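With chain A fixed as given, assemble chain B onto it according to the hints.
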Amino acid sequence: MINQTTIAALEALLFVSGAPLSPSRISEILDWPLDEIVVTIKHLKNNLEENNRGIRLIEVAEGWQLVTAEEYSEIIERLGETVQPKVTPGMMESLAIISYRQPVTRQEIEQIRGVNSDRAVKALYELELVEERGRKEVVGRPILYGTTSKFLQLFGLKEIELLPRWEEFQEEEQEKNEGTITENNT
Amino acid sequence: MDKEEYQLELGVFEGPLDLLLHLIDKNELNIYDVPIHLLAEQYVAYLESLEDLDLEVASEFLIVASQLMYAKSKALLPKTLMEFDESEEDIEERLRLQLLEYRAFKKASTYLEKLYKGKKYYSRDPMERQFQSLELEPQSPLALLEAWKEFQRDEISLFEAEEIIALEPFNIEERMSEISTEIKNYPGKRIRLDLLLGGGTKGKISWLVAILAVLELVRLKKIVIEQSNAFAQIYIARQEGKQ
Numbered sequence: 001m002i003n004q005t006t007i008a009a010l011e012a013l014l015f016v017s018g019a020p021l022s023p024s025r026i027s028e029i030l031d032w033p034l035d036e037i038v039v040t041i042k043h044l045k046n047n048l049e050e051n052n053r054g055i056r057l058i059e060v061a062e063g064w065q066l067v068t069a070e071e072y073s074e075i076i077e078r079l080g081e082t083v084q085p086k087v088t089p090g091m092m093e094s095l096a097i098i099s100y101r102q103p104v105t106r107q108e109i110e111q112i113r114g115v116n117s118d119r120a121v122k123a124l125y126e127l128e129l130v131e132e133r134g135r136k137e138v139v140g141r142p143i144l145y146g147t148t149s150k151f152l153q154l155f156g157l158k159e160i161e162l163l164p165r166w167e168e169f170q171e172e173e174q175e176k177n178e179g180t181i182t183e184n185n186t
Numbered sequence: 001m002d003k004e005e006y007q008l009e010l011g012v013f014e015g016p017l018d019l020l021l022h023l024i025d026k027n028e029l030n031i032y033d034v035p036i037h038l039l040a041e042q043y044v045a046y047l048e049s050l051e052d053l054d055l056e057v058a059s060e061f062l063i064v065a066s067q068l069m070y071a072k073s074k075a076l077l078p079k080t081l082m083e084f085d086e087s088e089e090d091i092e093e094r095l096r097l098q099l100l101e102y103r104a105f106k107k108a109s110t111y112l113e114k115l116y117k118g119k120k121y122y123s124r125d126p127m128e129r130q131f132q133s134l135e136l137e138p139q140s141p142l143a144l145l146e147a148w149k150e151f152q153r154d155e156i157s158l159f160e161a162e163e164i165i166a167l168e169p170f171n172i173e174e175r176m177s178e179i180s181t182e183i184k185n186y187p188g189k190r191i192r193l194d195l196l197l198g199g200g201t202k203g204k205i206s207w208l209v210a211i212l213a214v215l216e217l218v219r220l221k222k223i224v225i226e227q228s229n230a231f232a233q234i235y236i237a238r239q240e241g242k243q
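Protein chains in written order, with my numbering: chain A, 1 to 186; chain B, 1 to 243.
In isolation and in its complexed conformation, chain B is listed as follows:
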């Protein structure tokens, strides 16, 4: 290999098979004939020539390197002395078949590349999106005013929410004891979760605190959560056997 070749990086190849094909082509070999083990040295020399071996990329190359070295060592040993496992015996043959298949796909890929790059015409993007927005019903200017008012209201309520948070610090422990008492007072010692949470009227933070309190009570095995089936009402009940 000349020096320039050594300066290539693994990223130049699409994988170990690509590198092998490159070596086969460079040596003008025919995949059908070439004893794969002869390529082992060149292949490993190539890997060693790389200054920084990015292990993540290299692992795939190293697997093939080990297969090649195995094939090579096998070829060096007298056949009569060594009994090889039948399945191990055809590593070389498998690699050859894989190379042939890969080479055919590489040709197909080159063909696709030509189609893609060779396309000399242009088309427009669909206009469908514009039509979707045109499907809106005509609205009176009053609707716009309403929408504006609503927006303003939302903005104000946001500020209010912040003030409430500041004024009323939430306490999970407090909420836990509240929930315990509430359940005790309920008939059947069972309460629907949404009623317990106050139907969202108390704001998101209080909701979150209540949920956390419920979960904590479950963890402490003071209450259980019951639901007959998916999307059905959720009930909180006192853990049986506890006071």
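Okay, chain A solo, but in the shape it has when bound:
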């Protein structure tokens, strides 16, 4: 049975959790059937939106999380300096490679970037944006890296599959190439 009490229980749980909770985890904690949880989540989400609350329920990192409403971000920033971990361009490049090539070794990242990436990968690891995914069975058994749930959270992604297709970053170049070929033909 979904009523105001069950919605309130879910809200309380999500408030304390802070981090996103998956419907199955919520179902485990509240000991309710999963389908009821899914409906309750929708109710809570709608409640918050319809009442123009400062808090919203969003789907992120394969779960649901209570966050502030986007329109108040500027007000929140007046509270003081917001702490977003610093991600340098080198780290961002390495992160892009890990996102699309995971699981991937540091050596493979360096091959693509043509530059030592030891520090960048270590920093990503320390920010918990990437994690170890076992070792590659080649000489030296290098560590394989993959992205974490925290990565999805900090980048506002529901799941890793929702990143743009890899081809989208290449298309422009291919079009140019085709253009050149036709030019050459004429």
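These are calculated hints, taken from the structure and not from any lab test.
Values in this document were obtained by computation on a predicted structure and should not be read as measured data.
For every residue, glycine included, the Cβ atom is placed at its ideal position computed from N, Cα and C.
Don't take each hint at face value.
Here are a few chain B residues that face chain A, going by a calculated C-beta distance under 8 Å [claimed, not checked]: (1) Glu60; (2) Gln67; (3) Met69; (4) Leu97; (5) Tyr111; (6) Leu112; (7) Leu115; (8) Lys119; (9) Lys120; (10) Tyr121; (11) Arg124; (12) Asp125.
Derived contacts from chain A toward chain B, CB cut-off under 8 Å, selection only [said to hold, decoys possible]: (13) Val16; (14) Ser17; (15) Glu70; (16) Val87; (17) Gly90; (18) Glu93; (19) Leu95; (20) Ala96; (21) Tyr100; (22) Gln102; (23) Ile112; (24) Gly140; (25) Phe169.
Quick look at chain B alone, frame taken from chain A:
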């Protein structure tokens, strides 16, 4: 290149490929068409323009510089005169492919950057830690008193330990001869290490001295250390063949 460009430093670029891309974009070239060797001069000129070349950073840039110069020299020589190694022949092609792949990743990286910077909502940190501390069992005030007493006792014993150290200087050589005699008196000329060390009752320093003495005796090949398997009891025995 204008003067401002020259004032850039290597740190501005994420690597040699980044610098190459910068030159390609600046010259409005298409990676597919551009003869890479034409960029060699600009690339090297850029490296030379830097007043202090941090070798650690520059080494990666220099590798690419040498590849570019090779491609350039190759392009300058008449093809009929020179027979190039097949694998060397496609340095330029490899560099081109690498540039294309790198450029795509740079775009992906820009996309991620936008996601990261564009996120306009905030969330709280999990409160889980508080729950962990709440899991403590309720304790009576007596337990607190006990804990306080124990703390005080520990503090006193610390002072005592210092006094003992001052009064009783430890001597590794002395301990070595003691251990030798002790082993001799033991049946089978073998003694369990923990018994030898006195089970920790004599304090940490005496323990350390005993361990050092044992190691020294092993080094002098007067005793051997035996252990049947990991975590099993360790035995000290007299080296066979010695008196």
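Verification of the hints:
no., hint, result
1, Glu60, "holds, 5 Å"
2, Gln67, "violated, 10 Å"
3, Met69, "violated, 17 Å"
4, Leu97, "violated, 11 Å"
5, Tyr111, "holds, 7 Å"
6, Leu112, "holds, 6 Å"
7, Leu115, "holds, 5 Å"
8, Lys119, "holds, 5 Å"
9, Lys120, "holds, 4 Å"
10, Tyr121, "holds, 4 Å"
11, Arg124, "holds, 4 Å"
12, Asp125, "holds, 5 Å"
13, Val16, "holds, 5 Å"
14, Ser17, "holds, 6 Å"
15, Glu70, "holds, 4 Å"
16, Val87, "holds, 6 Å"
17, Gly90, "holds, 5 Å"
18, Glu93, "holds, 5 Å"
19, Leu95, "holds, 6 Å"
20, Ala96, "holds, 4 Å"
21, Tyr100, "holds, 6 Å"
22, Gln102, "violated, 13 Å"
23, Ile112, "holds, 6 Å"
24, Gly140, "violated, 21 Å"
25, Phe169, "holds, 4 Å"
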